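Take a look at the letters that make up each chain.
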Amino acid sequence: MEIAKFIPWLPLLAAILSGICCMKRSLRDYASWIVLAAVAASFGLSLMAGSHITPESGAVTVHFFEWIHAGNFKADFSYYFDTLTIIMLYVVTGIGSLVVWYAGGYMAGDKGYARFFFAVGLFIFSMTSLVMGDNLLMLFLGWEGVGLCSYLLIGYYYEKPSAVAAGKKAFIVNRIGDLGFALGIFLTFKEFGSIQYAEIFSQTAHLNTESATTGMKIIPYLLMLGAFGKSAQIPLYVWLPDAMEGPTPVSALIHAATMVTAGVYMIARMMPVFLLSEHALTAVATVGATTALFAGLIALCQYDIKRVWAYSTVSQLGYMFLGVGVASSVGGVFHLFTHAFFKALLFLTAGSVMHAMTGQLDMRNMGGLRKKMPVTCWLMFIGCLALAGFPLTAGFFSKDLILGDAMAKGITDHNGWIQILAWSGIFTAFMTAYYTFRLWFRVFCGPEHYVMGDDHHGDDDHGHGDDHGHAHGSHDDHHHHAPHEMPFARMNLPLCFLAVGAIAGGFLCHHWMESMVNASSASTVNTAVEHVATAVEHATDHAGEVAVNAHADTGGEGHHASLFGMDVHKAVMIISIIAALAGIALAAYFHLLRRELADKAKQTYAGVCDLLENKFWIDELYDTAIVRPLKLMGDLFFVFDRLVINGIVALVGFIPRLLGITVRHSQTGVLQGYGLGMILGLACILLMVTWMLSSGF
Amino acid sequence: MELPFALLLFLVLIPLLSGLLLPLLAGNDPEKIKTFTLGITVINFFMSLLLLVGYDFSNSAEYGLVFNTEWFSSLGLTFSFGVDSISIWLILLTTFLMPIVILGSYSAVTERVREFYIWLLLLEAAMIGVFVSTNVIFFYICFEFTLIPMYFLIGIYGSSDRLKAARVFFLYTFTGSMLTFAGIIYMAWCNVAAGGMWDFSFAALSTAHQNMSDSQQLWVMLAMLAGFAVKVPIFPVHTWLPLAHTEAPTSGSVVLAGVLLKLGTYALIRIAIPMLPKAALAVAPMMGVAAIIGIVYAALICWRQKDIKKLVAYSSVSHLGFCVLGMFAINVQGLSGSVMYMINHGLSTGALFLLIGMVYERYHTREMAQLNGLAKVMPIWASFMVFFAMASVGLPGLNGFVGEFLTLLGSFNSILMGPVYAAIAGTGLIFGAIYILYMVGKVVWGPLKLPDGHDDHASGGAPGGHHVTDLNRREIAVLIPLAVACLWLGLYPNCMLKTLDAPSQAIVDRVGIEGHEQPIRPMLHHVQNTLQTHPAQLTVLDDTPSTDIATAQLPGVHQ
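Residue numbers (our numbering), protein chains in the order written: chain A, 1 to 697; chain B, 698 to 1256.
The hints are simulated quantities; they were obtained by calculation from the structure and are not laboratory data. A couple of the hints might just be wrong.
Residues from chain B shown here face chain A by an in silico Cβ test under 10 Å; the list is partial [as the list claims (entries may be wrong)]:
1) MET744
2) PRO933
3) LEU1145
4) PRO1148
5) PRO1190
6) LYS1195
Note that the structure is a prediction, hence the values are computed from the model and not measured. Built from N, CA and C at the ideal position, the CB exists for glycine as well.
Let the sequences and hints guide you as you build the complete structure.
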C-alpha cells in the first residue's frame, strides 16, 4: 500500500521530463511515450491499491510528508484510500491512459507536442492528488492544479485570441467558486478543528441536523460554490463551452471525463458534512436538475459539434449533482464513472471528425461521413447510445439509478419539489436522446457532403509540414481533399476500449460500484443521520434492482415507494426508456428522414431557436452586469488614486515647499537638501518632545 | 553546531566594508567590480545559510546569538544584535536576493558601474542591519539608511521620471519615519518617567507599555504606523510605491519589492504589535479594513494598467494587504502566514520584476499595447513568466499560496476580524487571477506583436532590425534559484513554518488576545470616538477615572 503514494508523482516526473523534451526538437516525440508510460504505471499502481481496498477493508491513510503546519492547523501530503478514492483513481488514470494514447497520435507533428504532454502529465498529478488527498487542503491543491492545467491546455493554441480568452475565463470563473471553497475550508477548520477527512468524519458520526452548529450547516453551502465552479453548474457553467478551444483530447480528458467531475467527487466525499444541513443537498439537487435542463436546452440548437458535447457535459454533470443531491452517492458516482467512458469516447470521435476535416466543426458543413470514416462513425454511435440512455448501455444504468433514487426520495419524503426535479430529469433525458442523435444523424447519415475547414495550423489541427509531421503516412497528402479514417493502433484502438466501457460499463460494474460507493465515507456515515437513512437504505437495497431483469424484492419491506402502482425504480426505468427512444425517434424523423421539416420548424420558432443558439445571452448578461462594472471600478479607482489620494499627499508635500521657498537661496544642491531635511526633522522631534513634556503626559 | 555570535556582525560588516572599500579592492574595471560584488554577496548568502543550518530553532521564541556592546550607555545606546527565526528567514531572503539582483544587473547597468555596486552593497548591509538589530536606535538608523542607497539607485539608474520618483520616495517615507522616531523616543521616555534608565533595547521597550496609559499607547502606535505603514505600504499611504517601482531600475525594484517593503512589515511585527499590545488590539480591526481595501482596490487598479511594471507595482500593494491582514489577526496562523508571505512576495514579485527587466532590455518598452504574444519568440522567458505569475496568484504547490491561505485563515478565525474580513479579502484571490491573467494573456499569449524595429524573425522572416533572442544562460541562472525556492517553499513550507510557530505564539501571548475579548470592543469605540471628535481630549479623557478605558488595565488584570 505504501507504494501507492507514488501514483501522483510518476506523472509529475513524466511532466518534468516532457518539459525537458520541450527544449530539444529531437526529443519532442518521446514526450507522449513518457507520459503514457507514467500514467499507465499509475493505473497499475491504482489497480494494486484497489486490490487492498475492498468494501470490507475500510479506509487506509498513507502519510507522505508534512506540508503546512501552523499552530493547531495541520495539512499534510498524505493520502486517503477508501473505495471512493479507488473508483476515482480508476477513472482518472484509466481514462487518462487511453486519452494520452489517443493524443499521441492526434497531436503528432504539432509544434507544442512536448508542451502539451507536460501539461497533461501535470494534470494527472493534480487530479490524482485531488482524489487521493486525506484533507481538504490537498483536495484544494489538486483542485487549483487542475485549474492551472485546464488554463494552459485551453490556451494551448496561444496565438489564437479566442483560446487565450477562453483559458482566462475558465481560470477566473473557477476562482470565483474556489473562494467559496476556501471559505468552506476555513469554516471547517473553525468548526471541526481539523480539515482531515478522518477527523471530520469521526465527529460527524455523532452529529445530526439538530446537534450540528450553525457554522457546520453553512459549510456545505460554501463548499458547493467551489463544486459549481469546477463542475460547471449554474451560475458558473459559462466557462466550459468556451473551454472547447483546447485540443480535443483535452476536452475529452479534462472537460468531460475527469476534472469537471471533481465537484461531484467533493460532494460525495464530504457527504457526511452535507447531511448535517437540512437544505444543502436539496440546493445541490435543484442546481443540478436545473443545469441539466438548461444546458440540455442549449445543446438542442448548437451546430458546433464540440459545443454540443460541451453543453451535454454540463447537462450530464447536472445529473450527477442531482444524484448526490438526493443523497444517492452511488448514483452520482456511478454516472460519473460511466459518463467518463462515453463522453470521452464522444469527444475523441468528434476530434477524429474534426481532425479529418481540418478543423471543421460546424455540422451544417458535413454530412454522410459514414462511408469515409466507418470506424469513427460506429464508435461515436456507441457513445451516442450510451449518452442517450439506450437500454443496457452504461449511461442507461447510471442515469436511471439517479432518476429512480430521486423519484424514490421525493415520494418517500413526500417532497414534491424533489419529485419535480426527478420529472425534469426525465424530460432532460428525452432532450438528451434527441440532441445526441441529431448530431450523429447530421454528421454521419444522409447525403455525403463536406466543406473542409480552412483552419490549417491555428485550430485543432496538427501543424504538418512543420518538421516530421507525417503522423499517419500518406493521409496528410490529401488532407485538403477529403476526410479520412484515423490510424487504428495510434488513435482508434484506445477508443475501442472506451466503447467497450460505454456499452458494458453499466451492467458489469453495477454491483461492484454499489458496494464500493456504499462502503466509502460518502454513504456509510449516512446511517447515523436519521432523515436520510431511509433514502440511503433504499438506494442500497434497490440500486441493484434497476438492472433490467430486476425482480423487486418488495416483499416485507415497507419503505418502498411506488409510482403508478409499481416499484418506483421500475416505473422510472420504463418511463425513461420511453423518453430515450422517443428522443431518438424524433431525431431520426427530423434529421434523417425529413430534414426539410427541421428547417421549417426552425423558421416557425425562430425566436426560440435564436434564444437557444445564443445560449440565452448569459455571457452577454455577465459581461454587462459584472465584468464591465468591475472594469469601470478599476478605472475609477485608478483615477481616484492619482488625483485624490496622490493629490492629498502632494498638497501636504507642498507645505514644506512653501517653507522652502523662503530659504531657497541658501540651498543650492542635492546634498544640502538632505541637510535641510535632517534639520527640519530634528526640529520636528524637538518640538514634539517639548510639546509632549509640556502637555503633561 | 555552535555558531559564533560574530556571524551576525560579519553579515553586516562584510557588505558594508566591501562597499566602502570597493574602489580599493576592485579597481575601476567594470568586469572586476561585478565579479567582486557577486562574490561578496554569494559569500554572505552562504554565511546566512550557515546561520539557518546551524541555528538552534528549538527555543525559537527567544533571541539567539545575542551580542551586546557598549556604545553610548548613558543614552541607553548599545550595539546589540540577535536573531530569532523570523529575522533569520528575512536575512536569508535578503542575502538570497542580492546575488540574484547583481547577476541580473550585469547588462542593465553600463554607466557609473562602480557607484551602482557600492550602493547595492551598502543597501544590503543596512537591510541586514535592520533584521539583526535588537536595539531600536540601531534598528532605526539602518531602517532609515536604506533610503540613501535606494534614493541614488532610483535617481541615477532609473527610467525617464526617475528624479521625481526618487524625491517622492525619499520624502514620503522619510517624513513618516520621523514620527516613528518620535514615538520610539517617547516610549523610552515612558520608562524613564517611571523611574527607569534610558534604554533602547527591544527588551526594555517591550515592557514600556506597562508604564503607558491606553491613549499613550495609542498615540505611539499611530506614530509607529506613520512610518511603518508608509513603508509597507498600507492603503491609503501607498502612492509613492507605484511611482518608485516603475521608475526604479530592475535591481532597485527587486530590492524594493523583495526586501525594503518587508522592513515595514517586519517593524510592525517586531516593534509595533508586541511592544504596544493594547493599542495593537485596538487598531487591529481598522488595520484589517485598510488591508482589505488595499487588496481589492489595488487589484482592480492593476487590472486597468497598460504598463507591465506598474501593474506589478500595484500588485505589491494588493499583496502586502494580505501580509498586514494576517499579522493583525494576531493568531498563530495569521502571524506565521504573514511572515511566510513576506518571504514569498519577495521571491515571486522579485522574479516578476526581473522578467520585466529582461524584456525591457530587449524591447525598451513596457507597454502592453506594444508587446503581445512573446511566447512565440521567447519561449523560455514565457515559461518563467507563467510560472512566477502562478506563484504570485497563489497557486497551491507554489509558495504564494501558503502565505495567502494562512493569512486568510488567520483573519477568518481571529476574534479581531472574522469571516467577513476573510471573505472580502478573499476576493483578492479572484481579482489577483484577473489582473495577472490579463497581463499574461496580453504579453505572453496571443498573436505576436513587437515594437517597431524588432522583426519577428522567429516566424521565419529575415532577421532585421534588432536581433532579439530568448533568455541567455546568465538570465536563466538568475531565475532558476528563484523558481526552485518558489517550488520548495510551495511543496515543503513546513521547513519554515515549524520554526515560526514559537515566535508567533510568543507575540500572541504578549498581546494577550486569548480569552480576552471584552477589553477590545470598548477600547475600539474609544479610539473611534476620540479620533472623530477631539483628538486633543485624549489626555483629558485619560485622566478621568470615570471612562471605562482609563480603568481598564492590562487584559489579564481586567478579568
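In ascending order, which of the hints set out earlier in this document are inconsistent with the structure? 1 and 4
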